Amino acid sequence: MTSSAALIPSNYERATRIDQPPPSPVVDSMAWHRINSDCHETLGTHGNYWWQRSGYALAILLGKAGYSYAAQTRILDFFARSIAPRLGVANEPGVERWKSFMTDNHNPIELSWDWHTGHKPPTVRFSIEPVGKEAGTLRDPYNEHAPREFLEAALRDLPAANMHWFNHFESYFHLGITRHSATGHQSKVFWAFDLDEKDIAGKAYFFPGYRASAVRQTNVQVISDAIHAAPSCKPEDLKGLYVFQEYAREQAKAPLEMDMLAIDLVEPSQSRLKIYFRSRETSFQSVITTMTLGGRLANNDTDAGLRSLRRLWDGLFGQQGVPDASPLSASKHRTAGILYYVEFRLGSKAPKVKVYLPVRHYAQNDWQIMNAVGDFMSSAKVGTNGVTQSDKIQAPLAYREAMCKMLPATDMTRFAME
Numbered sequence: 001m002t003s004s005a006a007l008i009p010s011n012y013e014r015a016t017r018i019d020q021p022p023p024s025p026v027v028d029s030m031a032w033h034r035i036n037s038d039c040h041e042t043l044g045t046h047g048n049y050w051w052q053r054s055g056y057a058l059a060i061l062l063g064k065a066g067y068s069y070a071a072q073t074r075i076l077d078f079f080a081r082s083i084a085p086r087l088g089v090a091n092e093p094g095v096e097r098w099k100s101f102m103t104d105n106h107n108p109i110e111l112s113w114d115w116h117t118g119h120k121p122p123t124v125r126f127s128i129e130p131v132g133k134e135a136g137t138l139r140d141p142y143n144e145h146a147p148r149e150f151l152e153a154a155l156r157d158l159p160a161a162n163m164h165w166f167n168h169f170e171s172y173f174h175l176g177i178t179r180h181s182a183t184g185h186q187s188k189v190f191w192a193f194d195l196d197e198k199d200i201a202g203k204a205y206f207f208p209g210y211r212a213s214a215v216r217q218t219n220v221q222v223i224s225d226a227i228h229a230a231p232s233c234k235p236e237d238l239k240g241l242y243v244f245q246e247y248a249r250e251q252a253k254a255p256l257e258m259d260m261l262a263i264d265l266v267e268p269s270q271s272r273l274k275i276y277f278r279s280r281e282t283s284f285q286s287v288i289t290t291m292t293l294g295g296r297l298a299n300n301d302t303d304a305g306l307r308s309l310r311r312l313w314d315g316l317f318g319q320q321g322v323p324d325a326s327p328l329s330a331s332k333h334r335t336a337g338i339l340y341y342v343e344f345r346l347g348s349k350a351p352k353v354k355v356y357l358p359v360r361h362y363a364q365n366d367w368q369i370m371n372a373v374g375d376f377m378s379s380a381k382v383g384t385n386g387v388t389q390s391d392k393i394q395a396p397l398a399y400r401e402a403m404c405k406m407l408p409a410t411d412m413t414r415f416a417m418e
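If you count the sequence shown from 1, position 157 lands on 157 in the UniProt record's numbering, and the numbers rise without skipping.
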């Protein structure tokens, strides 16, 4: 029912020095040091900044998740060559950075860990917005250089990626439109990577706001039209979309905010279509309504999942004994409320709904979040596939260690679990 966990940096960011962090007291990554010996002299100041922090954080997560040494070195080599040089300028004092919508503090990268709910080992993932070193300046005001360069690099590094739908949606949302977005940010495309033991699977995320503003349509209209126009899409194969559209139309009193469309870089017949949307309603009753699309997806499994979700909700937000209809504390932040996505494939009869739990706005602090996640995982007896339950419960602490490599420890006042 819930999505996998993703712990990302807080909103509170200060300038930092560009230096190499000391070896981690939690885990020292041999794979990271192996790749570092090859790349640290060629990455340059800005690439090294992201490699030394985000690359090292990624290495910690890979080690904690039980990836083999061979897999760690392959993934970290990909990160060092293709990712670190394309995350923009280092976070130096006085330097104006591109305000990526990827995270609340505008870092263009997010790391995540899928704990799964069965006996599969965890999967580490990360998402990025390619950012040029001059993005946001007069030389590159709309961050147009790095995305093109990254696309070329991605095609080299991921030769199995199927780009049919990417090319369609990228063109549909952005070709021939004004450069300004009415959505409150200027990000256009995000990329994400699921890191398997033997492979790297790519995904792409598109923002409809540019085209919606240009053609004077709503975001949901633009997303729907883009899907209908996509190669291989036939009306009879889009029942999952129609179920969601019907529910969305019913929310006239509190309209859903459509943020993104995501696809897998695979054959269109195998790809998921994911529509991300935000609700400003924050009661658990609103979560129940949304997760079931107003009762359309209600069944015994869904009910059991919602009961489990309520236990996690109570622990994260201190809501034990609070009625389902009571909202969380008010916040007017752009990313406040609750983020969901519906997921369906061509031919799906109904979509699946997943929820992001917004602790960055509504939880007390990171230690409370750590304890809530640990208690929930312990009570749920998550399958470990060779990893001890003790190790699984300690996994949230690995996130804190990893995130401290992205921002100074003094800035780590809030995590987000999604």
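Hints listed in this document are in silico derivations from the structure and should not be mistaken for laboratory results. Bear in mind that the values here come from a model prediction, so they are computed numbers and not experimental data. Don't take each hint at face value.
The list that follows gives simulated cross-link-like pairs (lysine-lysine, BS3-like), each with its CA atoms no further than 25 Å apart [to be verified]: (1) Lys253 with Lys274; (2) Lys198 with Lys120; (3) Lys253 with Lys354; (4) Lys332 with Lys239; (5) Lys198 with Lys234; (6) Lys274 with Lys239; (7) Lys349 with Lys239; (8) Lys352 with Lys274; (9) Lys274 with Lys354; (10) Lys253 with Lys120; (11) Lys120 with Lys352; (12) Lys253 with Lys133; (13) Lys234 with Lys352; (14) Lys354 with Lys332; (15) Lys349 with Lys99; (16) Lys274 with Lys349; (17) Lys133 with Lys99; (18) Lys253 with Lys352; (19) Lys349 with Lys234; (20) Lys239 with Lys352; (21) Lys332 with Lys120.
Per label pair, the in silico range of CB-to-CB distance [said to hold, decoys possible]: (22) Glu267 with Asp324: 36 to 46 Å; (23) Ser326 with Pro141: 38 to 48 Å; (24) His33 with Thr137: 27 to 37 Å.
All residues carry an ideal CB built from backbone N, CA and C; glycine is no exception.
25 Å Cα cutoff - pair Lys198, Lys234: violated, 34 Å
Lys332 paired with Lys239 [C-alpha distance capped at 25 Å]: violated, 34 Å
Given hint Lys120 paired with Lys332 - CA-CA distance at most 25 Å: violated, 39 Å
Lys198 paired with Lys120 [C-alpha distance capped at 25 Å]: Roughly 15 Å between the alpha carbons, so the hint for Lys198 and Lys120 holds.
Distance restraint evaluation - His33, Thr137, Cβ atoms, bounds 27 to 37 Å: At 35 Å between Cβs, range holds.
Supplied distance hint 38 to 48 Å, evaluated on CB atoms of Ser326 and Pro141: Between Ser326 and Pro141, where Cβ atoms are some 45 Å apart, the hint holds.
Hint consistency between Lys352 and Lys274 [alpha-carbon to alpha-carbon, up to 25 Å]: With a Cα-Cα distance of about 9 Å, the restraint between Lys352 and Lys274 holds, given a limit of 25 Å.
25 Å Cα cutoff - pair Lys349, Lys234: holds, 14 Å
Lys120 paired with Lys352 [C-alpha distance capped at 25 Å]: Given pair Lys120, Lys352 holds - Cα atoms ~21 Å apart, limit 25 Å.
Holds or violated: Lys354 to Lys332, with C-alpha atoms at most 25 Å apart: At roughly 23 Å apart (the allowed maximum being 25 Å), Lys332 and Lys354 satisfy the hint.
Proposed proximity, Lys354 with Lys274 (alpha carbon, max 25 Å): holds, 10 Å
Asp324 and Glu267 - C-beta distance against the hinted 36 to 46 Å: holds, 41 Å
Hint check: violations occur at hints 4, 5, 10, 12, 15, 21; the rest are consistent with the structure.
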